[in-house]
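Here the protein sequences line up with chains A and B, keeping their order. Under the working numbering, the first sequence has 78 at position 78, and the numbering climbs by one with no breaks. Under the working numbering, the second sequence has 78 at position 78, and the numbering climbs by one with no breaks.
Keep in mind that the hints are not guaranteed to be accurate.
Said to hold, decoys possible - Cross-link-like lysine to any residue pairs, in silico, SDA-like; alpha carbons within 20 Å at most:
#1 B/LYS79 - B/PRO14
#2 A/LYS59 - B/LEU11
#3 A/LYS57 - B/LEU96
#4 A/LYS57 - A/ASN22
#5 B/LYS79 - B/ASN63
#6 A/LYS42 - B/LEU11
#7 A/LYS42 - B/GLY87
#8 A/LYS63 - A/SER7
#9 A/LYS42 - B/LEU47
#10 A/LYS57 - B/GLU102
#11 A/LYS42 - B/THR24
#12 A/LYS57 - A/ALA10
#13 A/LYS42 - B/VAL12
#14 B/LYS80 - B/SER65
#15 A/LYS57 - B/ASN101
Keep in mind that the hints were calculated from the coordinates and are not lab data. Only a predicted model underlies this, so the values are computations on that prediction, with no experimental measurement involved.
Chain residues, written in single-letter form:
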Amino acid sequence: EDQVTQSPEALRLQEGESSSLNCSYTVSGLRGLFWYRQDPGKGPEFLFTLYSAGEEKEKERLKATLTKKESFLHITAPKPEDSATYLCAVQVGGSYIPTFGRGTSLIVHP
Amino acid sequence: SQTIHQWPATLVQPVGSPLSLECTVEGTSNPNLYWYRQAAGRGLQLLFYSVGIGQISSEVPQNLSASRPQDRQFILSSKKLLLSDSGFYLCAREILSGAYNEQFFGPGTRLTVL
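Kindly produce the complete structure, drawing on both the sequences and the hints.
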């Protein structure tokens, strides 16, 4: 049973078309939730860590938010260079080992 | 610098051949290190992690093994590769950020077993 579920699996946007990616989790005792960006053939690149419900973090066109059951990665006015797979992972208290979702593949068309 | 190096970048091996993938890290001593495998259409699967020299924990039974001969070196090995060992292998290190631990990944090794 997946503890971390990302949706949608794939998303196609036009340049400038804002949208959100979802990461829902069923673990208890959340220690941290992480977002990564992964380009084809490369290792995941760290984006954000969120620790508590209500927390928000921003980086350029990306904004990550966290509730008690899910996190959203909002992409505002995306550009083609934002195309990548976005991974979410959760870390539970008592363990430093994160559990990863399967990712959302984002394609932004010019 | 907390850079992570992985070698080789790509590898094509026949079934039954041995394997050795290397991960070396720079920066802080005694890092926690991890090996993940990423197969097409699947998430990241944790294979091994190490909290110090000679200390290896395995997450899943498999055809692979890991070793940590030096503080900043983590090696993934196999005596005989299977077709199912194909995938993208990622080494990660844990970095303490305030009171929390965050993972950072290396560039990966693409392994194709034929």
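Checked hints:
The hinted pair formed by B/LYS79 and B/PRO14 meets the criterion: a straight-line CA distance of about 12 Å does not exceed 20 Å. Taking the CA atoms of A/LYS59 and B/LEU11, the gap is about 35 Å. The hint is violated against a cut of 20 Å. Of the supplied pair hints, the one linking A/LYS57 and B/LEU96 holds, its CA atoms being roughly 19 Å apart against a limit of 20 Å. This hinted pair checks out: A/LYS57 and A/ASN22 have alpha carbons roughly 15 Å apart, not beyond 20 Å.
Note on B/LYS79 and B/ASN63: the hinted pairing holds, with a Cα-Cα distance of about 8 Å set against a maximum of 20 Å. The suggested pairing of A/LYS42 with B/LEU11 holds, with an alpha-carbon distance near 15 Å, which does not exceed 20 Å. The hinted pair formed by A/LYS42 and B/GLY87 meets the criterion: a straight-line CA distance of about 13 Å does not exceed 20 Å. Taking the CA atoms of A/LYS63 and A/SER7, the gap is about 16 Å. The hint holds against a cut of 20 Å.
The hinted pair formed by A/LYS42 and B/LEU47 meets the criterion: a straight-line CA distance of about 18 Å does not exceed 20 Å. At most 20 Å may separate the alpha-carbon atoms for a hinted pair to count; A/LYS57 and B/GLU102 meet this at roughly 15 Å. With a C-alpha separation of about 17 Å, the suggested pairing of A/LYS42 with B/THR24 holds against the 20 Å cut-off. A C-alpha spacing of about 23 Å is found between A/LYS57 and A/ALA10, which places the hinted pair above 20 Å, so the restraint is violated.
Annotation: proposed proximity of A/LYS42 to B/VAL12 holds, straight-line Cα distance about 17 Å (limit 20 Å). For the hint pairing B/LYS80 with B/SER65, the CA-to-CA distance comes to about 11 Å; that is within 20 Å, so the pair holds. At roughly 17 Å between alpha-carbon atoms, A/LYS57 and B/ASN101 fall within 20 Å of each other, so this suggested pair holds.
In this structure, the earlier hints numbered 2 and 12 are contradicted, and the remaining ones agree with it.
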